[in-house]
Amino acid sequence: MTVLLEAVGVTRKFGAFTAVNNVSLAIEAGPFTAIIGPNGAGKTTLINVLTGHLMPTAGKVIFDGQDITHWPPDRRVRAGLNRSFQITNVFHQLTVAENVAVPVLVRRGYPAVWYRAYRDLPDVWAEVSRLLEEVGLADQQATRAAALSHGDRRILDLAIALATHPRLCFLDEPTAGMNPGERLKLLDFIKRLRASEQVTFVLVEHDMDVVFSVADRVVVLDKGSVLADGDPEAIRNNRLVQEVYLGEEVRA
Amino acid sequence: MAVKKPTLRNRLGLILGLGAALAILLVPPLLGRYPTYLATTILMLAIFSLGFNLLFGYTGLLSFGHAAFYALGAYVCAKVLLAYPSIILGLLAGVVAAGVGALIIGFLSVRHTRIYFSMLTLAFGMMVHSIIWKWREVTGGDDGLVGIIRPNLDLGFLEINLNRPENFYYFTAVILLASIFLMQRIVNSPFGLVLQAIRDSETRAAFCGIPVRRYRLAAFVISGLYAGLAGSFVAPLERAVTPVYAHWTFSAEPVLATLLGGINSFLGPVVGAFLFRLLKEVVVRYTEYWQLALGIIVVILVLGFRGGVVSVVAGWVGPWLRRDEPRFTQKIAAEPAGQEAAR
Chain A
81 MTVLLEAVGV TRKFGAFTAV NNVSLAIEAG PFTAIIGPNG AGKTTLINVL
131 TGHLMPTAGK VIFDGQDITH WPPDRRVRAG LNRSFQITNV FHQLTVAENV
181 AVPVLVRRGY PAVWYRAYRD LPDVWAEVSR LLEEVGLADQ QATRAAALSH
231 GDRRILDLAI ALATHPRLCF LDEPTAGMNP GERLKLLDFI KRLRASEQVT
281 FVLVEHDMDV VFSVADRVVV LDKGSVLADG DPEAIRNNRL VQEVYLGEEV
331 RA
Chain B
28 MAVKKPTLRN RLGLILGLGA ALAILLVPPL LGRYPTYLAT TILMLAIFSL
78 GFNLLFGYTG LLSFGHAAFY ALGAYVCAKV LLAYPSIILG LLAGVVAAGV
128 GALIIGFLSV RHTRIYFSML TLAFGMMVHS IIWKWREVTG GDDGLVGIIR
178 PNLDLGFLEI NLNRPENFYY FTAVILLASI FLMQRIVNSP FGLVLQAIRD
228 SETRAAFCGI PVRRYRLAAF VISGLYAGLA GSFVAPLERA VTPVYAHWTF
278 SAEPVLATLL GGINSFLGPV VGAFLFRLLK EVVVRYTEYW QLALGIIVVI
328 LVLGFRGGVV SVVAGWVGPW LRRDEPRFTQ KIAAEPAGQE AAR
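Residue numbers (the numbering used here), protein chains in the order written: chain A, 81 to 332; chain B, 28 to 370.
Think of the hints as simulated: they come from the structure by calculation, not from any bench.
Fair warning: this is a prediction, and the values are worked out from it, not measured in the lab.
Think of the CB as a built atom: it goes at the ideal place given N, C-alpha and C, for glycine as much as any other residue.
Where hints are given, some of them may not hold.
[Claimed, not checked] Derived CB-CB ranges, DEER-like: (1) B:331 <-> A:137: 47 to 53 angstroms; (2) B:305 <-> A:137: 53 to 59 angstroms; (3) A:95 <-> B:142: 23 to 29 angstroms; (4) B:45 <-> A:261: 52 to 58 angstroms; (5) A:188 <-> B:143: 29 to 35 angstroms; (6) A:189 <-> B:119: 30 to 36 angstroms; (7) A:155 <-> B:44: 55 to 61 angstroms.
[What the hints assert, rightly or not] To spell it out: a stretch of chain A is covered by chain B in this simulated footprint if at least three of its residues, at any positions, have a beta carbon under 8 angstroms from a beta carbon of chain B; those stretches are: (8) 152-158; (9) 163-175; (10) 184-198.
[As the list claims (entries may be wrong)] Not everything, but these chain B residues come out facing chain A in the computed CB check (under 8 angstroms): (11) 212; (12) 213; (13) 224; (14) 235; (15) 306.
Looking at chain A on its own, in the form it has when it is part of the complex (with noise of 0.2 angstroms):
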């Protein structure tokens, strides 16, 4: 297995309280990774550090062999590394289309392009319809963002960060804020992904039905520390997991 993205003591301080306190974490190019804890355990905090969303207050950030603390977040796209946001964040006022090919023709070098028209790119767009296509975002290609539902957003939300073709991609609680009829839709949408395996996949989550269900590793944080790293079985026997955070729901 080769190791694509390292943490190594990750330390993440705002003012005197320290979100992340010393993590260092290995993922490995496809197994399904999870991370989870209870609220306030330092979750969005360390995929923001390792996505270069925030910097580091110490630690170094290792993917694919080179270290990456200190760039920016667009080159770390561009080498492969991405995420999707708890707080959806599209492009509302561009199509559903128009919001896909954005990343598009930025990774088939055309986005300082300023002498053609951006709607006369057969690659672009054929990639991008085949992209909604496999979402099933494509009858609402026409529509802008900002009137898509909210589970649809979500799922364009992804469907963004996919298209820029990230080796490993984290996806930041994709289900917050979800009916239950969307949420099977994404869990869907996940499991099939999961099975494409072009993409390594770290999903933090609060919905223990979706954890469960997909991951193949589960990493449990609390109060900005690594609580427990393991199988899902070896997690949901793990007593100290039980007691901080999985608590009366498992033990039910």
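With chain A held as given, fit chain B onto it using these hints.
Here is chain B on its own, set in the frame of chain A:
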């Protein structure tokens, strides 16, 4: 049905375009000397606002300091014309100077957004104003530069006498059309789409692999070049330049013109420039408190025409134009008005 739809739309565009061209052509012979001068200043403000809106409407950055680039264009063009009688050289030098100025000020400003960006550009703009005001040996201080000549436009095979106001006006009109054409290419290009993505979500744009600051700077410089181009026309038109062109109140002109016309319509700034200048011209005649009156009228118009005059009128005409189209496309087209209000 499928045949009727595009022809109706094309015909309206063609009629509007021809109408506008005819109106532009007929100003000097029908209206005379002063309206021709006024129309020339409208065309200049249109160039200024068109460039300004690449930054404002398309990239989401509101600059309050673009008068600096307008003034840079005006002063450098004036300096060239005072030394060497070539209008083309003057305009070119003015544009280049504004571009260099925009590169420096933009580099320092685009690391911030929203109100912080606006305040920075305001401060840098006023810095340029004070330099022009104080550097008497070069800029003439508060007297400005006077006695600028308006040389003939020498195209090699043809020499046009720009001292005839109508010729100068037509020359400005041709430059505006070229500016519109170029801007149309820019906003419809991949680069233009990337700018709009940055406007909607800076974070997501970065997570698409876009070095956001560099693209913001590019938009800033292009809009500075447009401001410099517009400003370069001041020197030969007025035959004098004064520090007022660098003042922050002058930076407000493209802001107001663009808001009037509509920031989310490509031609909004051009239409807005026309409305704003005309409004100002009328109001100035009736009251010495014209700034107050103009301000009130602009506020009422901006509030009354949410999203700008062009968007509102397009909203009226649009449904009639698209009545034969399937509902699917109508839904998208009807979206903008609501979106703008929400922004």
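A quick look at each hint next to the structure:
1. B:331 <-> A:137: 47 to 53 angstroms: 52 angstroms, holds
2. B:305 <-> A:137: 53 to 59 angstroms: About 58 angstroms separates the Cβ atoms of residue 305 of chain B and residue 137 of chain A, which means 53 to 59 angstroms holds.
3. A:95 <-> B:142: 23 to 29 angstroms: This hint holds: roughly 24 angstroms between Cβ atoms.
4. B:45 <-> A:261: 52 to 58 angstroms: Because 54 angstroms falls inside the window, the suggested range holds.
5. A:188 <-> B:143: 29 to 35 angstroms: 34 angstroms, holds
6. A:189 <-> B:119: 30 to 36 angstroms: 31 angstroms, holds
7. A:155 <-> B:44: 55 to 61 angstroms: 44 angstroms, violated
8. 152-158: Three-residue rule met by the stretch 152-158 of chain A, so holds; n is 6.
9. 163-175: Since three or more residues must qualify, the claim that chain B covers the stretch 163-175 of chain A holds, with 9 doing so at under 8 angstroms.
10. 184-198: holds (count 12)
11. 212: 6 angstroms, holds
12. 213: 5 angstroms, holds
13. 224: Holds, about 5 angstroms.
14. 235: Hint on residue 235 of chain B: holds, closest Cβ of chain A at ~4 angstroms, below 8 angstroms.
15. 306: 29 angstroms, violated
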